[in-house]
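Engineer: Below, each chain spelled out in residue letters.
Number of protein chains: 4
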Amino acid sequence: MTRQHDGSDYGRLIVQGEDRPGIVASVSRVLGEHGANIVSLDQASSDETSGGRFFQRTVFHLPDLSGKLADLNQALEKTLVDELGMEFRLVEAKRKKRLAIFVSKTDHCLLDLLWRHRRGELPVTISMVVSNHPDLGDEVRRFDIPFFHVPVEKDRKAEAEKEQLNLLKGNVDLVVLARYMQILSADFLDEVGVPVINIHHSFLPAFIGAGPYQRAKERGVKLVGATAHYVTEDLDEGPIIEQDVIRVSHRDSVRDLQRKGADVERLVLARAVKWHCEDRVIRDGNTTVVF
Amino acid sequence: MTRQHDGSDYGRLIVQGEDRPGIVASVSRVLGEHGANIVSLDQASSDETSGGRFFQRTVFHLPDLSGKLADLNQALEKTLVDELGMEFRLVEAKRKKRLAIFVSKTDHCLLDLLWRHRRGELPVTISMVVSNHPDLGDEVRRFDIPFFHVPVEKDRKAEAEKEQLNLLKGNVDLVVLARYMQILSADFLDEVGVPVINIHHSFLPAFIGAGPYQRAKERGVKLVGATAHYVTEDLDEGPIIEQDVIRVSHRDSVRDLQRKGADVERLVLARAVKWHCEDRVIRDGNTTVVF
Amino acid sequence: MTRQHDGSDYGRLIVQGEDRPGIVASVSRVLGEHGANIVSLDQASSDETSGGRFFQRTVFHLPDLSGKLADLNQALEKTLVDELGMEFRLVEAKRKKRLAIFVSKTDHCLLDLLWRHRRGELPVTISMVVSNHPDLGDEVRRFDIPFFHVPVEKDRKAEAEKEQLNLLKGNVDLVVLARYMQILSADFLDEVGVPVINIHHSFLPAFIGAGPYQRAKERGVKLVGATAHYVTEDLDEGPIIEQDVIRVSHRDSVRDLQRKGADVERLVLARAVKWHCEDRVIRDGNTTVVF
Amino acid sequence: MTRQHDGSDYGRLIVQGEDRPGIVASVSRVLGEHGANIVSLDQASSDETSGGRFFQRTVFHLPDLSGKLADLNQALEKTLVDELGMEFRLVEAKRKKRLAIFVSKTDHCLLDLLWRHRRGELPVTISMVVSNHPDLGDEVRRFDIPFFHVPVEKDRKAEAEKEQLNLLKGNVDLVVLARYMQILSADFLDEVGVPVINIHHSFLPAFIGAGPYQRAKERGVKLVGATAHYVTEDLDEGPIIEQDVIRVSHRDSVRDLQRKGADVERLVLARAVKWHCEDRVIRDGNTTVVF
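Protein chains in written order, with the UniProt record's numbering: chain R, 1 to 291; chain X, 1 to 291; chain B, 1 to 291; chain A, 1 to 291.
Think of the hints as simulated: they come from the structure by calculation, not from any bench. No experiment lies behind these values; they were computed from the predicted model shown. Errors might be hidden in some of the hints.
Same chains, same names: a pair is fine if it fits in one copy or spans any two.
No more than 25 angstroms apart at the CA atoms, straight line, and that leaves these computed lysine-lysine pairs for DSS-like [unchecked claim]: (1) K68 to K94; (2) K68 to K97; (3) K260 to K68; (4) K97 to K260.
Please put together the full structure from these sequences, using the hints given.
Structural biologist: See the structure below:
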């Protein structure tokens, strides 16, 4: 949303935990003592009725950040964890997150991500595309990105997921389901070890489950939408990152809803992936803070 | 949305039924034979998979419409009903619909309707405001509109509804629930004999039932909305007339969601009431066509 | 927006002219006499203060339309032109409009049109892409669409336009400027003989001319937008087909505005092209009616 | 947008100036040394190409704030002004800003502000309403707010403005032009000594000047909007606080545009006034930062 600060020597510090006095000042002090200059700072607190949670995202500039990372980490550990009981993440902005994109046959969300990446809009490395169908292979490889076809047969889902996990392990920091039409098992989610973002083709929690556009037509809604969320074991119930809608009317057939909705899906997913990869999204129980 | 055509000698003809060849031509012919000039015409057909339904709203000008209404009605009955098996409604634009507004304690939807009416935005007569609380009486009477306080005690709901029905019978063409916090019984809906429009404080079908803003906060949605719909026996399941949404974030408390949502509620309800009273809304099963 | 009706035997009839009694009825009658069944009908009249103009778009089904086109055309000529003084266009829905897309170096609008076309969203034939730069040639040819590089050097613009006209003449029904960074001369517009649609990267009439995002940043606007319009000799002054906006804030740099704006540009242009090619857009002086 | 923190012992500190290292840390340190706990913190920097400006809004809690205000002010003066060369404002949240609302005959923006104030949505004191027409007097006084009628005759504008200034001097912290149809002179703006916010009935910079809805109709735009901005000597050129738009079509007459636009005007003005009064808006040359 603002200056990228993704070059070298820029760092991002994410702090969250129980709200208490002095956190902002402590962070400022530790960063200052290490020679870091705060470039931007976003802070939010949930109100008391929501449990008094604290969230902060700080971008800072520190010459020779890589060399000083260990020291800074140790100092933050002492101040934030030991003294204040907070959690934190310290990230070098220059380290791009590595993505695997999962797709089936529908290409609009996939192509949008590949194209934004090529344009320089997405600060990520796309390490691979994985699909249960071979259809989109040529399209993907044109972008010089590896495409792996892992069929998911009805009775061999566990084997397929094992194969997927082998591809992912150690190679990616994020899995993006770009209209991947298979449900990932709880075991897969346990083992994958990185966040998984999904795009759901409705304005959740409306039309949870399959066939949302058909059901939107039957219910006669006047807007259709899309929702990007982290995947959890509870289908369509994970923390929402971003949502948007578009106006429809009685003149739109189900196919029109799908077409209009597809435009919302790709915009919403692209925003969610970008924000996640800029460390702007903090999970808080089943909700998110998006700075 | 366009020229008002609500003066005298303007008529509105609403036709709906099973789609078949020749309906538009038949309507044009009958109107033409009676000396009427078509001023505007909206037509829609649902596609075959939705059952092939036909809808048409025609506004026409016919000198001395009141005097010729019976004849025209008879001719349309013959052509549209007897020959083509359609339903129709013929309305004089100058006959304003008479409204009863039901409220509880919250004033934002009520005041918005009263203001718009005074400004000449709503082509209706507001015949009365009915409330289960006395709080808003002074406010309503300032607009020279009768206010009736009908308490709804827990064990005497049937009596209260009977009293409400006595007030309404013969006096109104539409009941508007402008944040009326009581559920109307199936008996009431059976007997009231006019359409009932409700404003629900969520983007239905998300957050059906009570406490939608609290639940929206807990679910972490990024947009909140409102839905105006016809009331049926199935709570929050009636045909939707209009919906809209507004963006929210983690920074918004439940109270902020209520405040932002209230702005959407009053806009959505005002549009729905205006459209209904201009005969722009056609019910089709559990959906609507809005011209 | 609704059922496609783009198969064979579907026709579209566009009527416009001075508003007067009986037009709808006459159209219905002539179509009926030729065995056509009206599938959908949109009609609008500008109010008296705007000069009392009439517009109608009718989609109809007529078995063996191709064979009967000449007859129908003649009958409409007699009734609509000779008797009623209107203009009309009669179009077979199955005849897809042939497009030339003009681009420079920026690919977002171009690719969006190519993708949508491949997905079956745009009922057109893309006959060629013409560019003053060679950069996008490979990308275009992957879609099996001819790409012509016509350099436009400063002192040889007339020659370049002549070359462009040679490519276009007889081959296309519409020219789309998908971020083509050259101004077309009045001579070119005179000779090209087909409509030209441009996407302007601002919410016109705000920020007419060059550098709209830079100027939007300097002016501190809170929304940026895009406008698709027909090209006329008066730069950025042609009839507007579609516009949309997106929210921005002080946090957005000029580059962020460009990135966010690009998403609006491609959506707005795609809608305008689709609507034009479905004969939904009627020019009326310097404005449009969009059905 | 978030927790109100407008009770006693809450303070707001606004800092702006040339960006340089250490400002966030210095503010945190000074607040910490005085026993203040930071409740929320928003910070932004314009990028180098925009001159490297720094902005920060900090909300803090400090027991007995009123008693310690002078000390804190002095310490901030020393650190922020003397050492860092910044400007700052220190505000007690409990001190509500006092408003004068200027109107002419149109009531929608006025009524919306009065009603939101009564509802507790606007953290302000409405000290008076001033109008060049007597029409809205009764309406205003029903809210127990003084109404002053100051006619502005063509040749006696200077006298009228003098009378207005006499009413305002010392009594208000903000003047809100809620569709006040007179242009304030440069002299008035010089002397009034408090910010003046205006609502302009177009999406500026489109349709600067008079009659924007008429011109929007003639230009055939597909969206109309409204803009709340600080008033400067250059008409319609002041820093923009908030803008929004609503979709319109060829079916809308100029009167429809006015009606739809009015809904946008009142929402946009209400947001701008609320944000200003919560010290969320920082002027930066001819633009604003809105936290």
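Engineer: Work down the list of hints and note, for each, if the structure agrees.
Structural biologist: Evaluation of the provided hints:
Proximity of K68 and K94 under a CA criterion of 25 angstroms is satisfied intra-copy only: 15 angstroms inside one chain copy versus 44 angstroms between copies. For a Cα distance limit of 25 angstroms, the shortest separation of K68 from K97 inside one copy, 21 angstroms, qualifies, whereas the shortest one across copies, 48 angstroms, does not. In this assembly of identical chains, K260 and K68 lie within 25 angstroms of each other by CA distance neither inside one copy nor across copies; the values are 49 angstroms within and 36 angstroms between. In the homo-oligomer, the alpha carbons of K97 and K260 lie at most 25 angstroms apart only across protomers (22 angstroms), although the nearest pairing inside one protomer, at 30 angstroms, exceeds that limit.
When held up to the earlier numbered hints, the structure conflicts with hint 3 and nothing else.
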